[in-house]
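Q: Going line by line, the protein sequences match chains A and L. Count the first sequence with the numbering used here and you get residues 1 to 764, in order. Count the second sequence with the numbering used here and you get residues 1 to 764, in order.
Treat the hints as calculated values from the structure; they're not laboratory data. None of these values were measured; they are calculated from a predicted model.
Treat identical chains as interchangeable: a pair holds within one or across any two.
In the DSS-like style, the derived pairs of lysine-lysine whose C-alpha atoms are separated by at most 27 Å in a straight line are: (1) Lys475 x Lys544; (2) Lys21 x Lys71; (3) Lys621 x Lys476; (4) Lys396 x Lys621; (5) Lys64 x Lys350; (6) Lys621 x Lys71; (7) Lys544 x Lys476.
Protein chains: 2
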Amino acid sequence: MRNLFDIDNWKIIEKSFDPTKQKQAESIFSIGNGSFGQRANFEEKYSGDTLQGSYVGGVYYPDKTRVGWWKNGYPEYFAKVLNACNWIGINIEIDGIALDLSTCEVSSFYRELDMFRGTLTRKFKAKFSNGKEIEVCSLRFCSMHREEVAAISYSVTPLNFSGNVKFTPYLDGKVSNHDSNYNEFFWEEDSRKVDNKKGVVCAKTKKTNFAVATAMRYSFWREGELLDIHPNIAQQEFYVENNFEHYLEKGVKFTLKKYVSIVSTLNHSEFSIIPRAINQVRDAYIAGFDALLAEHESAWSEIWKNADIQIEGDTAAQQGIRFNIFQLYQTYTGKNAKLNIGPKGFTGEKYGGATYWDTEAYCLPFYLKTASPEISKQLLIYRYNHLEKAIENAAKLGFIDGAALYPMVTMNGEECHNEWEITFEEIHRNGAIAFGIYNYVRHTGDVAYLAQYGRPVLVGIARFWAQRFNWSESKKAYVMLGVTGPNEYENNVNNNWYTNYLAKWCIQYALEVDTQIRQESKSVLTAGEEEKWQHIIDNVYFPKLEGTNIYLQQDGFMDKEQLSASDIPENQRPINQHWSWDRILRSIFIKQADVLQGLYLFEDHFDSETLRENFDFYEPKTVHESSLSPCVHVILAAKIGNMDKAYELYLRTSRLDLDDYNHEADEGLHITSMAGTWMSVVEGMAGVRIHENGLSIDPKIPAAWKSYKFQILYKNNPIAIAVTQSEIKIKNLGEFSLEMSVLGAEITLNATEERTINLTTLTV
Amino acid sequence: MRNLFDIDNWKIIEKSFDPTKQKQAESIFSIGNGSFGQRANFEEKYSGDTLQGSYVGGVYYPDKTRVGWWKNGYPEYFAKVLNACNWIGINIEIDGIALDLSTCEVSSFYRELDMFRGTLTRKFKAKFSNGKEIEVCSLRFCSMHREEVAAISYSVTPLNFSGNVKFTPYLDGKVSNHDSNYNEFFWEEDSRKVDNKKGVVCAKTKKTNFAVATAMRYSFWREGELLDIHPNIAQQEFYVENNFEHYLEKGVKFTLKKYVSIVSTLNHSEFSIIPRAINQVRDAYIAGFDALLAEHESAWSEIWKNADIQIEGDTAAQQGIRFNIFQLYQTYTGKNAKLNIGPKGFTGEKYGGATYWDTEAYCLPFYLKTASPEISKQLLIYRYNHLEKAIENAAKLGFIDGAALYPMVTMNGEECHNEWEITFEEIHRNGAIAFGIYNYVRHTGDVAYLAQYGRPVLVGIARFWAQRFNWSESKKAYVMLGVTGPNEYENNVNNNWYTNYLAKWCIQYALEVDTQIRQESKSVLTAGEEEKWQHIIDNVYFPKLEGTNIYLQQDGFMDKEQLSASDIPENQRPINQHWSWDRILRSIFIKQADVLQGLYLFEDHFDSETLRENFDFYEPKTVHESSLSPCVHVILAAKIGNMDKAYELYLRTSRLDLDDYNHEADEGLHITSMAGTWMSVVEGMAGVRIHENGLSIDPKIPAAWKSYKFQILYKNNPIAIAVTQSEIKIKNLGEFSLEMSVLGAEITLNATEERTINLTTLTV
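Let the hints inform the model, and build the full structure from the sequences given.
A: Shown next as structure tokens:
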């Protein structure tokens, strides 16, 4: 795999302009701050191939679904993340000719995403058709400190002339989604205003009536000197601009600083958003670009302090893991319980929606170990707030008595995925949400959460499962018919082992939690419910391969032609690009961890031999065509000591987008799977586990790495872990003494204490 | 169930104008001639709620599919039957006010579909807002004799005034499909011409480039006197008209006779269609309305001679069965191997496409027994002509070496259904096509067909099945995974008994046919293919309920909650309108005959006890929410002597549209299931069977009927069968002596001989 861009520990660097890579670069160099985000589109006009993308968290449009034959229970809409007002726009014109990298002669092009600082920088020389050449240098960021503010510094230096240059900072809300199902336009104009200092465009989504006010203000500088500008103003529907011509002297740098604020009715009343946006750009203008940048960088450095993973001896792996961490924090910062983590974050439109089971299964463990528990709690509260909708969702399908089915894809708690085999059947997602609560509690020790928020969600979910199982007279056991497991290369199967296992666990956990809380507040279960649940718990059917410890993915799995992924010719991979859906469905090949996903979640329930046997059975059949798959296999491979396999699969996940393995980075990045990459290191290589009864660490290190180190939070105590080929260092950075198991030995680490363990001799 | 319209032996009659029933009436009073068809829209302007529909056989548009997530192998388009040029239009205006039944005061309204003559008549009085009242009488038909010609006689009589009335016969090609997926317009204008005698509009479909020329000519009469008219002409895009005002005397009938011809490039070159349409309207004009009508009626009377079923003592049943026969012959006459039988015929747009497995499974047996073998042969040739496409279709899914998969829905042989669970999995359709060949041969004795056309189709289909089965190491048998049986309330099941049985039979039959023909022309099988096929034939797995003769619909069927349709509250029926798709899929309820469909097709392979046991097991679980279901159950119920059940289900099928059981007649009629109704009588009540080794008749009669009689064709010999409560009369109307089994007794009927069997004593 050729690297798309240059390798560097902290930066993504592009050293020449290649229009054929522009859409990939636009995704990879995206910036965001958890509230909004922006693809790395150019500020100035660009007539080449591009995917313009500016997204505002939580603002969506319910696009009419597209199905062949609508059936009862199908959702009526698919929520689309909205391409919103273009706020980066700064057009440059000389003698009536636009600066446009598609038509000008470009040299010395340099683009850099600095992940440590959270900035996007671009520098290039452009020669116009009339021979005039300028150098442009831009830097922009979405403030991690002020969540509704962004700023751009855009400098122009004439290289071979002195003369007039026209600057046009603008806002353009007339943008449409590429993935609109029926080519509809999703916005309508609310209002716009512009004077010679500032402008604002306020647009409203059709149907959902979200209003978003985008305001701009600017200053113009000759080197360090602020100039007084008297611009023209212009406007049209959804659009405002200031424009002015200024005489630029050869060799002197002139800089336009554009301050932007994006405020939506997700967080504020409709009356307040325009004044708020105007106030924020005024405040930003007053603070000045450098101060804004400094506070932004400082916010990033706080994040890195807890979340960074340092890998020595493998710069590509180092860049890869940091890119993943960086993108996750750009997408979600945990400040707002109305927000969640979309599969493409703010880097593209694809997949619509904001929330998948990815959040609980992959992202939550990342935030639990790298950020304050409050951040993870927001993710849980998000689902708590959607409980009523989950109950409605289940009721639409015919479930009763408060059974809750969380949606496969959602923005506001309503289901909006529209394939029955997913919407109605990929219900294991419901279990991931319950497991998220369990996982949160064992990481944070916040048992109070259970009484206040956890129990109603757990009980609703358990009620769903209790109804979804049915008694099979022929098997004399509870079965679950017609489900789709995590392996979406199977649909509508019976007794998916993962789903059955998870569902049983959910009922059991809900019962435990209810029982536990009964001491303080009485049970919420109805008469007979406990007995009914207990009967299910005791009698669930699990498909198993006779004479082995292998759990079968579903009924009939052994009827398939038994092949290995290595039987597939290389030119037919990935099979989802080469095989018909029919052939894929009938094949034995597994898109992503399914039984192994269950063994990963419930590792403590199984002995090592069972893990190994199942891994050896399923890994050869798994084609890993979901970005969410390899990480689980890395973790299990490391667990059973298969470090070669672990490292091979780690490579596959860590630079997925950076090297564009799947040829789809142009559409946006795989944000949620990035958390899986982080898990590959922390849970995989380092063998970190938070069990119900404590922390354990069982580190290994790939042969290719010199060392790696990172921190985790456990019950809000920071712990630093460093692993080399010969030793492990574990340091308690917190204020309390901690007990933990390291390589099987129980140790106690006092506050600030560091312990070194020799990996060869296993001596401390 | 209230009857929508009046009951009559030969007619459908509506005696008052009810705008709320207009769309249902438009469907039910539809007329057609196998080449084109027309809903019973009004000739004059109608501003009320209406579904305009004029359809030309074989002319379609490949509408872009609507799917949530497109996957490899999905068809790119869904062929839509096209709403084509409005040819019936005759506007009437008095003093600038349009005749419009939605705004005029209507009295003495009478509408009649005369099924014996094949005519649609309408008579009414209309009072205009200015107090002027006229009587209108219209009669129209689509000629069964000239397949590209239609004619309308439209009379106006002033009732309370003498004065000018404006007549505007026109053609309007600017029509759009209601079911367009993306609101696209499917036609573009080719050309139009109009002079004072005639007009033509030629329109072309986008993408498919079908051109359709529609021409009109008219004459105008005062009572029996032809008047000389000098009309104005007008035209605009897709539209031509003649218009003239004429002074009408009170009480005198003036008649506009409009002759129309519709010619498409399905059958003629693009250069010839306009002249051909013009020539045909000229010829029709010269022949005159009465002569055209007479030849049309004579063609219908020929059809009725062979196809009629007479039921005494139950006028509703009589009307119902004739309506079904009438609609079938309006839809398909067998003159053109490019045409087939769409599920809505020419009565609506819904379901698009023209050809489903309905054709072979339901319609073919009807045409085999009521029309010359040449007609049925056209249906077989249609599939023969699509063999290459069927091989391509299978190849797209990954099948090789000439395996053929016929499409679920098609116009030109290409698959255009777009739900994977149907498109890729409801593959039993492939078997229906093979069975159609077998059925044709046993009805007609035309074994020569096998060598020339049958074998390649059978071998292609057998190759598909041989690849679609896979060896299960765990079952030590061939299994078929991931199919959808006829019961579409299950999707993606393993080892659907019906599909496995049919597939095995297909392979066996293809082998037999190839072996049989080897004597004349050598085998087309490849090396080892016969052995491979034989190994499959000998080792197919069939799910069965242990200790019984019950064949299980699929693997895992007994894991379902075992309920009866009678457990469903009446207000939740039909379940497809009340339950979520999720709930339906997981329930035990069966949409349409599945295992029973197989027992019906292969009745000779099973003993009576097995038929009875399976019927008793499945019938209570079947909700008959497909129009194709009850007929199969009628036939089996009659076979096992359960006449009450047979009659109950017969009622459900025979007046399905006439009484609009499913509240959807407004969208069009259930044309293909009408053949099933016919089968209910002939194969069900009368127990007629064409076995491989001959004809058998085992009649029964419902208590509610006095008698019923009909004819069938067997090896091109007409046989008349009449059944009363006490006796059966069988008459050989042909020229050859025939052997047959009647009530289990072998008899020989000489040419023209009639035999009477006393039903009580079973004596002849």
